[in-house]
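Each chain, written out:
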Amino acid sequence: MSAKQYISDVVNAVSSLLTGMKRTGYYFFHHKEIITEEYPDNRATLKMAERFKGEVVMPHDENNEHRCTGCTACELACPNGTIKVVTKFDITPEGKKKKAIDKLVYHLELCTLCNLCIESCPSDAIIMAQTFEHSVFNRAELTKVLNKPGSKIMEGVE
Amino acid sequence: MYRETEIVTDMGNDLVINVGPQHPATHGVLHLVITLNGETIKKVEPHLGYIHRSIEKMCESLTYRQFIYVTSRMDYLSAHINNHACALCIEKGLGLEIPPRAQAIRVLMDELTRIASHELWWGAMAMDLGAFTPFFHAFRERETITDIMEETCGARLTMNYMVPGGVMQDLHPSFQQKVKDFLVLYKRKIHEYDEMVTGNVIFQNRMKNVGYLSPEDAISYGVTGPSARGSGVKCDIRKLYPYEIYDKLQFDEVLETGGDSFARYMVRLREMNESIKIIEQLIDNIPEGDFQAKTKAVLKLPKGEFYTRVETARGELGVYIVSEGGTTPYRIKFRSPGFSNLSVLDHIARGSKLGDLVAMMGTLDLVIPDIDR
Chain A
7 MSAKQYISDV VNAVSSLLTG MKRTGYYFFH HKEIITEEYP DNRATLKMAE
57 RFKGEVVMPH DENNEHRCTG CTACELACPN GTIKVVTKFD ITPEGKKKKA
107 IDKLVYHLEL CTLCNLCIES CPSDAIIMAQ TFEHSVFNRA ELTKVLNKPG
157 SKIMEGVE
Chain B
4 MYRETEIVTD MGNDLVINVG PQHPATHGVL HLVITLNGET IKKVEPHLGY
54 IHRSIEKMCE SLTYRQFIYV TSRMDYLSAH INNHACALCI EKGLGLEIPP
104 RAQAIRVLMD ELTRIASHEL WWGAMAMDLG AFTPFFHAFR ERETITDIME
154 ETCGARLTMN YMVPGGVMQD LHPSFQQKVK DFLVLYKRKI HEYDEMVTGN
204 VIFQNRMKNV GYLSPEDAIS YGVTGPSARG SGVKCDIRKL YPYEIYDKLQ
254 FDEVLETGGD SFARYMVRLR EMNESIKIIE QLIDNIPEGD FQAKTKAVLK
304 LPKGEFYTRV ETARGELGVY IVSEGGTTPY RIKFRSPGFS NLSVLDHIAR
354 GSKLGDLVAM MGTLDLVIPD IDR
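Residue numbers (our numbering), protein chains in the order written: chain A, 7 to 164; chain B, 4 to 376.
What the hints contain is simulated information worked out from the structure, not anything from laboratory work. For each residue, glycine too, the CB sits at the ideal point set by N, CA and C. Hints are supplied without guarantee of correctness; some may be wrong.
Just so you have them, the derived chain A footprint on chain B, three or more residues with Cβ under 8 Å [to be verified]:
no., segment
1, 66-72
2, 167-175
3, 200-211
With a Cα cut of at most 25 Å, we get these calculated DMTMM-like pairs of lysine to aspartate or glutamate [to be verified]:
no., chain 1, residue 1, chain 2, residue 2
4, A, Lys38, B, Asp184
5, B, Lys60, A, Glu39
6, B, Lys60, A, Glu115
7, A, Lys53, B, Asp150
8, B, Lys303, A, Glu125
9, A, Lys28, B, Asp150
10, A, Lys38, B, Glu198
11, B, Lys303, B, Glu100
12, A, Lys53, B, Asp184
13, B, Lys181, A, Glu43
14, B, Lys356, A, Asp15
15, A, Lys38, B, Asp150
16, B, Lys192, A, Glu44
17, B, Lys299, A, Glu125
18, B, Lys181, A, Glu56
19, A, Lys28, B, Glu195
20, B, Lys190, A, Glu43
21, A, Lys90, B, Glu63
22, A, Lys53, B, Glu153
23, A, Lys90, A, Glu71
24, A, Lys38, B, Asp197
25, A, Lys53, B, Glu146
26, B, Lys181, A, Glu39
27, B, Lys192, A, Glu71
28, B, Lys297, A, Glu81
29, B, Lys299, A, Glu81
30, A, Lys150, A, Glu139
31, B, Lys181, A, Glu44
32, B, Lys303, A, Glu81
33, B, Lys183, A, Glu39
34, A, Lys28, B, Glu146
35, A, Lys38, B, Glu195
36, B, Lys297, A, Glu125
37, B, Lys211, A, Asp15
38, B, Lys297, A, Asp130
39, A, Lys53, B, Glu198
40, B, Lys299, A, Asp130
Model the full structure from these sequences, guided by the hints.
Dropping the structure here:
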């Protein structure tokens, strides 16, 4: 290697390193372009996307009524056995037997949040909630009953 | 790939070391048994199975709608494209026509995933070689894409957005604007990649003439994707066997002829620009209409065998389904790109130095859950 070649190599190397350092220096003085979210401190303002799949919940209206008919479509659609529908028979005022849910048991610890149960539900009884802080000390707390105690099916939902 | 370790009676000057399964230079639980002579590599023996979850067997007990979500867990960096491959194979069996809007959405999502995957690869590979800053720069752009995914699909990594017949939900109303914002951001920031890493003299010295892979060897080892295109092998499934609307789009197959690590690096960087081109063509021309074809509640494939392949960010992914006519597949086989790309590592690493192995592994873009499944 000639001396000329050697010197030009050194100059090129130093200039390439300086180009990279210039980028670092740029961000050192441009704090506004830093996009880091300081997560536990920004809890009050943190907005999750509206379709974010956090956990399955069953919305209830002000009369403690839900839309679930107990058809077990979600249970059949689930790939991991996350949902178990326990049904009972209600007696209607006319004296007829009517199928209704006793419990809709949801195992969050098994759930992969694939959205297949929500897609399969014919009466839009279950939706995805945007919560994501699911850590608990006891594993049993992750098994949830989605319908509230004493709740019943909404009028007009078949 | 695993074989009984030969009984060595005369070690000579050889030294056998283990890289992984828990090692900072490997991206997952990859275990390499390396035989060294001094600092020169004599043999690289990958030992697999540390993250084997028997996905193929699991799929046999799930229905055709259900098993798609499992494939997000194979190559988690191109989860969309894995789901796409499975959905295409099921649609082939059912003979379904996909609405044009669903096709456009699928292609858009695939290309966004490809850019996100290549960006993570770029950051992680620079980190392997000792540069920590690029990782954050890569994640800045990738974060924009994951935000777009989160808004439309509801998840950031394992989306499960593709269903047989189309996509699960329609695009979010803000999708187009967000993608356009991303395109602006990307074009404003992409030159930083070259300034920080590509032009850097230390990086070039570590990449050039390292891990040479000839085109013949690339074909005979079954290497696909950007790793093979770095050796000049034309293997882009999007061009060779177009699926969805790829045959109507204008984009180039990126080819480099160097065959070394630097060529493979350049292929991926240039491929991101091609994906940007595809997104630009589609983003204003998403057809109106249904996002999902009408399908039966319970899918049953006719008796027979079905095979489709797609181009993931790492290479050719093949899905092979054998159906007996029931609601679950009789057998599923995934031809994953990572497995074939790993098999060539021993060939290209022989005779080079141990320090260069990290550069070779980095440019092969190995995702370990994809290799093991």
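Which hints, by number, does the structure contradict? 5, 9, 27, 39
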